[in-house]
Amino acid sequence: MYPRLNKAPALVVLLLLAACSSPKVAVDGTFPVPLVNPHPIHVGWYLDDALKTYVHKEKIDRGGDWVISVGSVQQSMFDSLSQGMFKSYAFLDKPEAAAPVQLIFVPVIEQLQFSTPKQTRSKYFEVWIKYKFELRNADGTTRGEFPLTAYGKAHIQNYSMNTNSAALQEAANAACRDAMAFFALQFRTIGPVKTWLTENGLGG
Amino acid sequence: MMPNRFLRCAALFVTLLLGGCVTARVEEIREGHTAIGAADTIAVLGKRDRPSATETEFDFVDCVSKNMGPSVPVVPDRTFRDTLFPWFEPRTAPANTRDLPELISHPRFVERLNNLGVKYLVWIEGSTRRTDSAGTMSCAVSPAGGGCFGFLTWENDSEYEASIWDIKEGRTVGKVSSEAVGTSYMPAIIVPVPIIARVKSSACSSLADQLTTFLTDAS
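Each protein sequence line maps, in turn, to chains A and B. According to the numbering used here, the first sequence holds residues 42 to 245 in order. According to the numbering used here, the second sequence holds residues 1002 to 1220 in order.
One should not assume that every hint holds.
Claimed, not checked - Calculated pairs, DSS-like style, for lysine-lysine (alpha carbon to alpha carbon, straight line, at most 30 Å):
no.	chain 1	residue 1	chain 2	residue 2
1	A	235	A	159
2	B	1169	A	159
3	B	1067	A	171
4	B	1048	A	65
5	B	1169	B	1048
6	A	159	A	171
7	A	235	A	164
8	A	65	A	128
9	A	135	A	159
10	A	100	A	135
11	A	171	B	1048
12	A	100	B	1067
13	A	159	B	1067
14	A	128	A	171
15	B	1169	A	164
16	A	128	A	100
17	B	1067	B	1048
18	B	1067	B	1169
19	A	164	A	135
20	B	1048	B	1201
21	A	159	A	100
22	A	235	A	173
23	A	93	B	1067
24	A	98	A	128
To be clear, the hints were calculated from the coordinates, so they are not data collected in a lab.
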């Protein structure tokens, strides 16, 4: 005969453990389509597995293990971005054209950093994502590359009832939106893109 | 006799719970004519542009949106930002009305804005801070029972300012500011009794009422 367990204390202990555990967050959801004049070009995106499964893991001194997953939303991000920005687009299986595209983008996340309010003695979770975009011709030859650093922050007071995870997730989400905003509005001014547009009679 | 006394005690207790002292002040500066038509809406947004270190609380912005009178339909912050993405992101949001003419020069932007029916943009800036606190309280638990003893008091200060932009005219039509200060108390003799001053809530309702009057008062 097993002793009868009282469920209430066990539940309290489980809740306390859950509250104390280090955040594991994944950016999810959909992104808005940018409201810009579409460029009359056909682009291709090659998102490799490293990008699509990108997870940042970091152990903070006396702060536990933190995990931020942003890879799973990359396709959704570039899909929404392309819907608003280009005449047509395709996601490619390899970094060379299998579809009638004029220009191929190969984005890579080089680095993700984040900070907690405890570290910065502020009230914000902050996330930085450093992208590198490689630009390729339709045949797959490289045309150049450019960096893009995105930043997002979230105030802890807006998420006080939902633990640190919700604030960190929102900061990562804001960083993804920031990357999209930069790409959408600065597209024409990005060095290798500007050169390509000029060469193809689309500059100015 | 007994139930009557009990009811009075309960009413006093509820009054104490709700009745921390709050002093609120609202000011308005009008710089232009305002009117809301049947198809017009407004957008109430929290200031989040950089490099500002402060950010207006989401719940305050939400509270103001929900407390605007029925004559002033409000487009929620997130809906507005998503619909006009990427023009109102922290990196790109117009810092002042001088940035509006460039935005309005984009036909697709204007078309989307017209679909939302947004005539006025209300930017809310500010926050609620704890400015002072004092007192001590200690609690103990023993096999015979537990309880707290002591007295805590703290003061909260809410300062918010709403700038109202006529988005199509590209100019500021006025500013409404709301300030509220309140002191909360928590005496404890065995059981802590919180007497909370609803400072932020008071600032919110004052600001929303004044904004409604400002926008609907055709002067």
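Results of checking the hints against the structure:
1. A:235 to A:159: violated (42 Å)
2. B:1169 to A:159: Outside the cut-off at roughly 43 Å; violated.
3. B:1067 to A:171: The hint is violated at about 38 Å.
4. B:1048 to A:65: Given pair residue 1048 of chain B, residue 65 of chain A holds - Cα atoms ~29 Å apart, limit 30 Å.
5. B:1169 to B:1048: Given pair residue 1169 of chain B, residue 1048 of chain B holds - Cα atoms ~20 Å apart, limit 30 Å.
6. A:159 to A:171: holds (23 Å)
7. A:235 to A:164: Violated, at about 39 Å.
8. A:65 to A:128: violated (37 Å)
9. A:135 to A:159: Violated: residue 135 of chain A and residue 159 of chain A sit about 43 Å apart, past 30 Å.
10. A:100 to A:135: violated (34 Å)
11. A:171 to B:1048: OK: residue 171 of chain A and residue 1048 of chain B at ~25 Å, within 30 Å.
12. A:100 to B:1067: This hinted pair is violated, its Cα atoms lying about 41 Å apart.
13. A:159 to B:1067: violated (33 Å)
14. A:128 to A:171: Distance of about 27 Å is within 30 Å: holds.
15. B:1169 to A:164: Violated, at roughly 35 Å.
16. A:128 to A:100: violated (44 Å)
17. B:1067 to B:1048: holds (18 Å)
18. B:1067 to B:1169: It holds: about 24 Å lies between the C-alpha atoms, which stays within 30 Å.
19. A:164 to A:135: Violated. Residue 164 of chain A to residue 135 of chain A sits at ~43 Å, over the 30 Å cutoff.
20. B:1048 to B:1201: Roughly 17 Å separates the two Cα atoms, so the pair holds.
21. A:159 to A:100: Holds, because 14 Å separates the two Cα atoms, which is no more than 30 Å.
22. A:235 to A:173: Satisfied, since the Cα-Cα distance of roughly 17 Å is no more than 30 Å.
23. A:93 to B:1067: violated (39 Å)
24. A:98 to A:128: Answer violated: residue 98 of chain A to residue 128 of chain A is near 37 Å, above 30 Å.
Checked against the numbered hints given earlier, the structure breaks hints 1, 2, 3, 7, 8, 9, 10, 12, 13, 15, 16, 19, 23, 24 and satisfies all the rest.
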